[in-house]
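So the sequences go chain by chain: A and B. Heads up: the first sequence is residues 125 to 449, going by our numbering. Heads up: the second sequence is residues 125 to 449, going by our numbering.
Think of the hints as simulated: they come from the structure by calculation, not from any bench. Do not take every clue at face value.
It does not matter which identical chain is meant; a pair holds if it fits inside one copy or across any two.
Stated by the list, open to error - Only pairs whose alpha carbons sit at most 20 Å apart, straight line, appear in this in silico EDC-like list of lysine to aspartate or glutamate: (1) Lys295 with Asp401; (2) Lys388 with Glu141; (3) Lys273 with Glu283; (4) Lys238 with Glu398.
2 protein chains.
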Amino acid sequence: MTANLFDIYAPHPEPSELTAFSQNKLDRQAEYRQDDCVEKALAVEGTHILAFTGSRLILKHDGQILDPLFAAYELAELKPDFDNAILLGYRETGEPRVAVPVLISADDLSAQYKPTEPRALFRDSLIEEELLGEVAQAVALINWNSANKFCGKCGSPTEMKIGGYKRVCTKCEHMMFPRTDPVVIMLTVDLERDSCLLGRSHHFQEGMYSCLAGFVEPGETIENAVRRETVEESGILVGRVRYHASQPWPMPHSLMIGCYGEAKSTDITIDPQEMQDVRWFTRAEAAAMLDAGPDAKHFAPVRGAIAHRLLRDWIEWSEERSGKA
Amino acid sequence: MTANLFDIYAPHPEPSELTAFSQNKLDRQAEYRQDDCVEKALAVEGTHILAFTGSRLILKHDGQILDPLFAAYELAELKPDFDNAILLGYRETGEPRVAVPVLISADDLSAQYKPTEPRALFRDSLIEEELLGEVAQAVALINWNSANKFCGKCGSPTEMKIGGYKRVCTKCEHMMFPRTDPVVIMLTVDLERDSCLLGRSHHFQEGMYSCLAGFVEPGETIENAVRRETVEESGILVGRVRYHASQPWPMPHSLMIGCYGEAKSTDITIDPQEMQDVRWFTRAEAAAMLDAGPDAKHFAPVRGAIAHRLLRDWIEWSEERSGKA
């Protein structure tokens with residue numbers, strides 16, 4: 125068979141699939157959400173619930189076992205807020221999956237419950253990939269709904285509709301839909317020197333370096349956002365941009381758009397307001413950082429992070445192409 | 125030189141550049157926006173202003189010439205709302221570019237002014253590409269600011285900050301940032317039958333067919349959004365997904381993410397609620413539709429639309445690869 129437009133070389137056919145939070149297999153039935161869909165879902169026997177305090181998933185723990193799935197009756201003592209429950213979708217078995225915020229704070233939960241931030245869920249592999257994807261969807265929607273209790277146009281209270289995917293103003297009827305913030309995250313590569321550009325923000329763990337990143341601005345293409353953010357944070361000029369992978373990132377409701385950028389300059393000038401350090405790493409250095417732990421002098425983000433994916437795939441790509449693998 | 129990760133074949137090195145609204149060359153100085161930046165920009169002699177009534181750009185017209193650039197004094201009779209003015213950025217000459225909403229409605233403007241929707245600006249080529257990019261940025265920000273006059277968390281009034289890129293609640297200090305909605309738009313291709321999938325919504329102009337499209341949902345990768353929207357609207361299963369181009373789309377503030385999808389089935393089942401028709405077109409049919417006008421039985425979106433780009437590049441791609449071009 126001759127090459128076609130889908131035959132572009134990459135170390136994996138769909139790198140997005142290898143990022144944390146991406147394995148959501150629910151049938152969302154996005155076009156068929158009704159105002160009573162949560163109520164109907166909760167009435168289905170065997171419906172399992174993901175419960176959240178703020179944006180933290182509540183895990184039941186009983187010795188070694190962590191269980192994120194609640195039956196409705198198990199929620200009673202956690203003050204479930206069913207009026208703000210969200211229908212995520214349906215499992216392959218037909219079982220609905222519902223997310224329920226609870227009104228008890230993380231600090232007031234008894235010891236048998238472990239409230240956990242999404243980041244820790246994937247970093248510590250506390251729940252399986254598919255559930256992680258469901259959590260990403262749930263947290264993004266919980267965050268959006270809780271930040272839009274009032275109408276931005278007139279200040280009146282809004283009401284949740286169609287299972288958490290719309291809010292309507294009780295006075296002016298302004299409609300609001302869930303928000304997803306596109307963020308570009310890029311590995312800028314110097315092809316000649318076989319090096320990549322990594323940096324650290326002031327809030328990073330000591331020793332950690334990652335890809336540069338930033339929000340796509342209004343009126344900007346993905347490629348222009350990659351070039352603007354890179355030059356702003358590092359002074360490095362970027363030419364060609366290649367999309368590689370995307371990842372849902374529910375802090376609070378982003379879509380990470382992972383790209384490679386081709387470096388067109390080498391001298392780094394950092395923006396000290398935003399970055400603590402930006403530097404070039406050779407392929408060998410970057411490879412070592414992927415496998416190093418947080419005790420190493422320099423280390424990269426953990427597996428599941430899209431920055432890890434961009435780095436690892438660049439290394440594998442280079443090795444395979446140069447015949448070293 | 126051996127192939128590197130940026131050497132992937134496409135009819136154009138960066139197809140995003142060929143979409144309308146993408147040619148914004150302003151230096152945004154995104155990290156250095158201050159609360160007095162608009163005031164300072166307006167004080168610079170020779171600053172030009174883009175003026176808007178709602179989301180329509182106001183063009184001055186004097187016989188045949190349409191001019192979108194106002195000096196501050198020229199705005200006086202249009203009731204300029206300088207408190208809600210936005211600093212877009214700086215031209216290469218150092219000249220600041222400011223967007224100013226006016227309080228006079230489109231209907232009340234005198235005949236020398238022509239208020240024009242962004243879509244008409246590009247469809248009728250009324251202003252140059254670079255200005256079109258500035259308009260995309262301006263309209264997205266005007267739309268976002270006007271929809272967020274009140275705090276979503278507590279309902280109190282919000283205040284515009286840093287030239288229109290932040291709003292802060294006057295009571296609870298909740299901070300809000302501009303919103304950009306990622307939308308996937310995809311040309312699904314049947315490689316074996318050399319055909320592509322196009323559809324029409326109920327509101328389309330008679331005869332027009334375009335790519336399927338839809339908002340990326342919370343907790344979804346780009347690839348999964350392409351597959352979900354395609355199967356929802358057409359019943360067609362998609363396998364591999366390839367990103368191709370992106371486009372700012374300021375109605376009200378979207379980022380179009382253009383992809384190719386590889387069809388894995390052929391039998392179409394439309395969702396009659398959302399689509400009026402979806403069908404397969406051969407490459408020859410699609411090529412004819414690109415060059416046909418609105419009087420033709422079937423025609424495709426105009427040049428500048430990302431759907432046009434996806435179609436034209438698929439056709440060129442196929443022709444070059446099969447040796448026909």
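Checked hints:
1. In this homomeric assembly, Lys295 and Asp401 never come within 20 Å of each other (Cα to Cα): the closest approach is 50 Å inside a single copy and 36 Å across copies.
2. In this homomeric assembly, Lys388 and Glu141 come within 20 Å of each other (Cα to Cα) only across copies, at 19 Å, whereas the closest approach inside a single copy is 30 Å.
3. When the C-alpha separation of Lys273 and Glu283 is checked against a cutoff of 20 Å, the pair qualifies both within a copy, at 7 Å, and between copies, at 18 Å.
4. Taking identical chains as interchangeable, the C-alpha atoms of Lys238 and Glu398 are never at most 20 Å apart, the minima being 34 Å within one chain and 43 Å between chains.
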